[in-house]
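Q: Sequence lines, in order, name chains A and B. Throughout the first sequence, residue numbering follows this note's numbering, covering 3 to 497 in sequence. Throughout the second sequence, residue numbering follows this note's numbering, covering 697 to 826 in sequence.
Errors might be hidden in some of the hints.
Now the stretches of chain B that chain A is said to cover, found in silico as 3 or more residues with beta-carbon under 8 Å [said to hold, decoys possible]:
no., stretch
1, 724-736
2, 741-753
3, 772-782
4, 799-812
Facing chain B, according to a computed beta carbon distance under 8 Å, are these residues of chain A, among others [claimed, not checked]:
no., residue
5, R7
6, E148
7, A159
8, R168
9, A170
10, F171
11, L174
12, A178
If you are wondering where the hints come from, they were derived from the structure by calculation, not from laboratory data. Keep in mind it's a predicted model, so treat the numbers as computed, not measured. No residue lacks a Cβ here, since even glycine has one placed at the ideal position from N, Cα and C.
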Amino acid sequence: MGAYRHFPILIIAVPLVTAVLMPALSYRARRACMPVAAAALASSTVLTLLLYRVVKPAADGYLSYHLGGWEPPWGIEIRVDFTGLFMLTIVCCVSLAALVYSRRYVEHELEEGKLFAYYSLFLLLSASMLGFTATGDIFNMFVFMEILALSSYALVAVTGRRDAVRAAFKYLLMGAPSSIMVLFAIALLYSVTGSLNMADLKGIVAQGAYSRVLFASLVFFVMGFGVKAALFPLHGWLPDAHSIAPSPISAMLSGLVVEVAAFAILRVFFSVFGAGASAVSGTAEALGVIAAAGVLYGGVMAVMQKDFKMMVAYSTISHIGYIILGISIMNEQAVTGALYHLLDHGLAKGCFFLCAGAVIYRRGYRRIDQLKGAARQMPWTCAAFSLAAMSVIGIPPTAGFISKWYLIWGSVAGGRYLYAAVYLTGSILAAVYCLRLIYYMFFVAPPEGSWEGEGKDAPPSMLIPIWVLSLGTLVMGVFSFVIINRLQEAVGWLL
Amino acid sequence: MTRLAENFHYVGAVLLFCIGLYSVIMRPNIIKKLIGLNIMETSVFFFLVSLGWKEGGIAPIYGGGAEPSRMVNPIPQALILTGIVVAVSTTAVALALVILLYRQYGTLDVDRLMREEELEAVPPGREGEG
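Just chain A, with the same shape it has in the complex (with noise of 0.2 Å):
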């Protein structure tokens, strides 16, 4: 084991601490900022993929650190098992790909002196969202969640404009008694059986008493969690966020944000409460008919929006469906498939906002129709904006078709044929909304007058990212046997 002892804890806090160091450096080296911040996300990066040799789906596979060295139940455990490395690695990589984006799109959005805030705050978001995947108690967990949710407020306000203050002040009015919710939640859960710790609640819960309160403090869990990942009838919020901020954050608020929290529910499910448990297998049902709602609704009003970045907020909601009613199934294939619909979602939506950034950048156009003809002039950032629709709508070989195919082969195993039927519908509707952006950007002579003049794509800086993501759901679609036996088995540990 040797120095990967350490590593969990070196994930999380070098881009904690560089948030923090981030307005001294400014003071003296302004330019070094971006590199920077840059910086301490790869190191974490590398550092999670390294731990790839050591954490193995398996009962014991996993690492755990006590920060000051006490032992659990009485400390704080950091247990870095291959499903929450998975999902580490989804947050470093897309975090690390909005990250390069930023710099040649907030020099152009934010004024020089905001520059500095811009980053502190992005990595801030970074290692809590880190934090928020690792760590293994559940009071720790609620931090993290609160410094998430206070940095992306200040994320989408950032550019101080009426709109964005407007938006990031109806999140925190829904995000903040959200975050109430769950701390009732962690209060209730700790009144009967008095410990935080996951793995000890765990083998509690297991024991069978004090089911009611039990059941009332997941309700509120999942009351809690399902206004972060904008849960259908609980989603009021995310509209207005994810299209007003700067396009990286959006990518970052669509593609990681949301994800996290449904990654929670998934924990508390799993690692907290135990799949056996009779809360959950109650909440569970619940939960299903709501997100299979949600993947229609989502679906419809992506279809209906004119707004490029509206729509793909709306079909945030609906992909964000998919993956808790992929969990809400509890069977092996299903969980295996909302996990990952997590990496899919991370990579092609943070694409999309990426894109829509890119668009924005040159011709400040936001409107669908605007974009007709688009591809005579930004060719790569249309293509690589087609890939990642492959992959929303889950055409093979892409990433998207192997979580939407594990999904519906979870539901028909389980004998829910009505939510196979669902996923089926939610991807005819991407289908809808992506093929007709694909049309206008590819097929359709442009009006007088919108894309004439000199023709310029988006510079390498954002078109690497861009296709980094694009790419990757290339890549995780045709090499998915690389990781996807082992998620499998990981998830048949964790059930």
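With the hints as your guide, set chain B onto chain A.
A: What follows is chain B alone, placed relative to chain A:
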């Protein structure tokens, strides 16, 4: 009924939670919404601190002949301290946003803000297209 009377502090916490949630959802004034948010937070702190209460309890410090059975559980108090820090930061960020909102819109009324939102929903240059 007697169980309810014995556990009156839980009832109090739930009532506070509902009052807070009501003002967050129903009050049109943004500052009142934030006050409601703080009441909700306080209700959870109240619930947690009442869990750790013990009649005649002493601080959990060993030595000096203190009986362990009389010591109170320090964890709920530690949790609340962290919770208060989190609540204060949330309130600070929220108030900063309120100041920005007031500067931009000149109102703290949510209904008026929503009306502004509807007006803004039509971007310039789109009116002629129907």
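Q: Work down the list of hints and note, for each, if the structure agrees.
A: We went through each hint and held it up to the structure:
1. 724-736: Contact hint for the stretch 724-736 of chain B vs chain A: holds, 4 residues under 8 Å.
2. 741-753: With 3 residues in contact (Cβ-Cβ under 8 Å with chain A), the coverage given for the stretch 741-753 of chain B holds.
3. 772-782: holds (count 5)
4. 799-812: That given contact holds, which follows from 4 residues of the stretch 799-812 of chain B lying within Cβ reach (below 8 Å) of chain A.
5. R7: violated (26 Å)
6. E148: holds (5 Å)
7. A159: holds (6 Å)
8. R168: Since chain B brings a Cβ to about 6 Å from R168 of chain A, closer than 8 Å, the hint holds.
9. A170: holds (6 Å)
10. F171: Where the cut-off is 8 Å and the nearest Cβ of chain B is about 5 Å from F171 of chain A, the hint holds.
11. L174: Given a least distance of 6 Å, the restraint on L174 of chain A holds.
12. A178: Holds - the Cβ of A178 of chain A comes within 8 Å of chain B, reaching about 5 Å at its closest.
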